[in-house]
Amino acid sequence: MKKKLVSVLLVASMALGLTACGNKDNSANSGAGADNAGNAGGNANVESTEAAGGDDAADAGADNADNAGGSTLNTDTGILYINLASEPDYLDPALNSSVDGGCLAVNSFAGLYTYDNTGALVPQLATDMPEVSDDGTVYTVKLKESQWSNGDPLTAQDFVYSWNRVINPDTAADYAYLFDVIARNGDALAVETPDDYTMVITLNSPCPYFNDLMAFPTFFPVHQATVEAADTEVPGTWAQEAGFVCNGAYTLQSWNHNESMVYVKNPNYYDAANVTMDELHFMLSADDTAIYAAYNAGDLDYIDSVPTDEISSLNGVNPEFGILDNLGTYYVGFNVNDPIFDGKTVEEAAKMRQAMNLLVDRQFIVENVGQSGQVAADSFVPLGMADGNGGEFKQADTSYYDATATGAGMVEEAKALFEEAGFTFTDNGDNTYTIDPALNLTYLTNDGSGHIAAAESMQQDFALLGINMEIESEDWNVFLENRKNGNFTIAREGWLADYNDPINMLELFTSDSGNNDMQLGKGSSDAAPDWADYDALIKEIRNTTDFAARVDLLHQAEDMLMETGAVIPLYYYNDIYMQKPNVDGIYATVFGMKYFMYATKN
Amino acid sequence: MGRYLIKRVLLAVVSIFIVSAITFFVMNAIPGGPFNKEKATSAEAQRVLEERYNLDKPLGEQYVLWLKNMAHGDWGVSLHNGRDIWNEITSRFAVSARLGGMAALVAIVLGLILGSIAALTRNRLPDRSIVFFTTLGTAMPSFVLATLLLLIFCLKLGWFPVWSSSSPNYVLPIIALSVYPMAYITRLTKTSMLDSLGQDYVRTAKAKGVPGWKVIFKHALRNALIPVVTYVGPMVAYILTGSMVVENIFTIGGLGSTFVTSITNRDYTLIMAVTLFLAILMVVANLLTDIAYKLIDPRITFE
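Protein chains in written order, with our numbering: chain G, 7 to 608; chain F, 1360 to 1662.
Among the clues, some could well be false.
Simulated restraints on C-beta separations [said to hold, decoys possible]:
1) F:Trp-1518 / G:Glu-151: 50 to 58 Å
2) F:Glu-1420 / G:Thr-83: 40 to 48 Å
3) F:Ser-1488 / G:Glu-373: 48 to 56 Å
30 Å max Cα-Cα, derived DSSO-like pairs, lysine-lysine [said to hold, decoys possible]:
4) G:Lys-528 / F:Lys-1515
5) F:Lys-1427 / G:Lys-528
6) G:Lys-490 / F:Lys-1396
7) G:Lys-545 / F:Lys-1366
8) F:Lys-1427 / F:Lys-1366
9) F:Lys-1398 / G:Lys-490
10) G:Lys-528 / F:Lys-1366
11) G:Lys-490 / F:Lys-1416
12) G:Lys-350 / G:Lys-528
Simulated from the structure, these hints should not be mistaken for laboratory data. Quick reminder that beta carbons are idealized off the backbone N, C-alpha and C, glycines included.
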């Protein structure tokens, strides 16, 4: 009997040891399988273009937390309590590639230029706007005398070190390509420092957005001694715990991973006299329910996500709810090499895609899925983007279709395009058609209620012409891989601009781009457009010295892209936030960077 | 006992090795990769990273390399953010263990007391109400309970902050973590207590005039503990490693959410490390459970 007991226990313990690996959340103990429902989306950093809606299946609980009206205020006037996202991956500005990490960077590092509360580019560590040579390729920037947070002087050499560090392949920085506009001296950047406070930067060719780049976090300086004192085998470790040297308005005083970060005012910041907020405390969470509850309880002053279900009851109702414009486009993309286009000519395949573009009811998606006043997109380059020649790129006459009219009202036009592409239709007599030959698509998206709701809306739109679209949602990581490798027919897409120039949107689709999910110029399908012309055009845009002509070339590139029908722009991104009525002075850029140092609270 | 322990430790090493091998190959078999991002990593950066972390080598070689590093006590760095894994795991575990330890203690103490009360007041009001609440406790998923606690105590009553950078509250997460095991222990205790209360030796003790409390605690409860201990060992190991749901709702940086995030990120080194860590913890917990049997019932031998 006892022996038997022991052997049973042995077997049981081994079995437990084995099962301990994978399925802990499903095993006997806690709240059963439901554990997984909560936060599959997990890490908000991952999903920088998540604006189509929250990712939480378990938002439900917070619905009752209806404290929205009589908001509880927090009255620690020197401290701002903020939630932006969960744990940041990197605080090293060279390695960060998330918008949330960028927000932390702009508040704790300072670059040559920055944005003021009107969105205008202004000098930060530079004394003035750069002096540019007549041919537009040599930028001379004079620096203010400033210090690192430990009191070390900050000079032009710090910038040279930091910038060369980004382009060093061993750093493996995602944003290293931003430095491609700067000429090279061998492996190093062509940046000279005639004295400690002067930088002379030589570009390959004139670049209308170079000033913007110098305000981008990847161009911020890092403290060489601090970086090199840490493990240099693995870049970025120097800024993985609190207490590292920086040069911005705040230094990181404490960091409880996955819980909170406390930033305190940096007395050595060049503009410390004007920094009004003493401390920034960040809640590190991506759980919409918890964030919204913390806001309502008065534990947070500023949040930039709310449970999806709450948006409609807040937008336009609660004065604490606000909307920021972003430069970016939420869109749908076709894999141009997909077998559904087999046997079609390039023109026929493009017509099929354009027809589906006309069927999409954008207004419905904006109102019922986006819910925060997004503008339906009628172009790929977003509304409000500069043209690199002093104007706005998107003009009234540059829309590719009427975004407010697409949908059921355009069925006849769409049908005509399909007929030109070799399809025939039978009228079912109830405002629907049967398409011949049958057209079956699968729509690929990541998990996320907003993305799926948008897909369902399009599913109904396409069904008007008898097109059968199924929706497949995948785990974020798998989704990214399949989309990148072209393992899809039609997929959800989105892009938030990093700098204010249309090239940032249009260069996604060159055949050597890692973000060319549409596989333009990558496959061998006869139905895919010949893409060499587009590559050549982008190259020409990069090298052109005449900025007026450049605007025309950019329009040509967008025309070429839209002509393929490979992208279906849905809407231009915006960003929601909630801010307590006793807080003022927080501002954001169209790239999603938020500046907290000049905020006031009473 | 000594020989038995040696045997057990050897078996444990073998099972941990098997766990690591299975995890390694299954993890690599699932689609996705550690460097997938919405804004694609450049081909060159991807190459540098794969080389740095040996991901460019064949799987078998990668596994052997990993074993070698582990043999040297080198847990590696996270593929996702370059953090030292040993530091990461121990500091996350410290948080989970502090929280889980308190929750386990609450669950065991209250569970034993309530279970005993229920057994002694069988079918009367205290028993009935305990049965009612334990049924509720076992039926309610932890995310519902945690959200409910948040709603009532943080939002409606305002007794605790939802989140705090200075003094995080542990009371609600401890309740959320302990309710289920407490309810379970209560039921186990009650059942086995009822069983031992009906045994001859209890009747004999009573007949001999042993005081009531002594009968219960020395004779009945002690024998009723065996099934409870069987449950408690793995439960403690499980609860110490944290729960993603509770950690997310109460913004606690424990091991539970780290584990889940590591899988989402395909952070291979971290997945391996956490799995290994959990496996070791589980094996140790089982071993301790066995030793506890011996302490409770000296008649049990391990030969």
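So, going through the hints one by one against the coordinates:
1. F:Trp-1518 / G:Glu-151: 50 to 58 Å: holds (52 Å)
2. F:Glu-1420 / G:Thr-83: 40 to 48 Å: violated (59 Å)
3. F:Ser-1488 / G:Glu-373: 48 to 56 Å: holds (51 Å)
4. G:Lys-528 / F:Lys-1515: The hint is violated at about 57 Å.
5. F:Lys-1427 / G:Lys-528: This hinted pair is violated, its Cα atoms lying about 41 Å apart.
6. G:Lys-490 / F:Lys-1396: Given pair Lys-490 of chain G, Lys-1396 of chain F holds - Cα atoms ~10 Å apart, limit 30 Å.
7. G:Lys-545 / F:Lys-1366: The given pair, whose Cα atoms are some 69 Å apart, is violated under the 30 Å limit.
8. F:Lys-1427 / F:Lys-1366: Within the cut-off at roughly 24 Å; holds.
9. F:Lys-1398 / G:Lys-490: Judged against 30 Å, a Cα distance of about 10 Å means the pair holds.
10. G:Lys-528 / F:Lys-1366: violated (59 Å)
11. G:Lys-490 / F:Lys-1416: holds (22 Å)
12. G:Lys-350 / G:Lys-528: holds (18 Å)
Comparing the model with each earlier hint shows violations of hints 2, 4, 5, 7 and 10; every other hint is respected.
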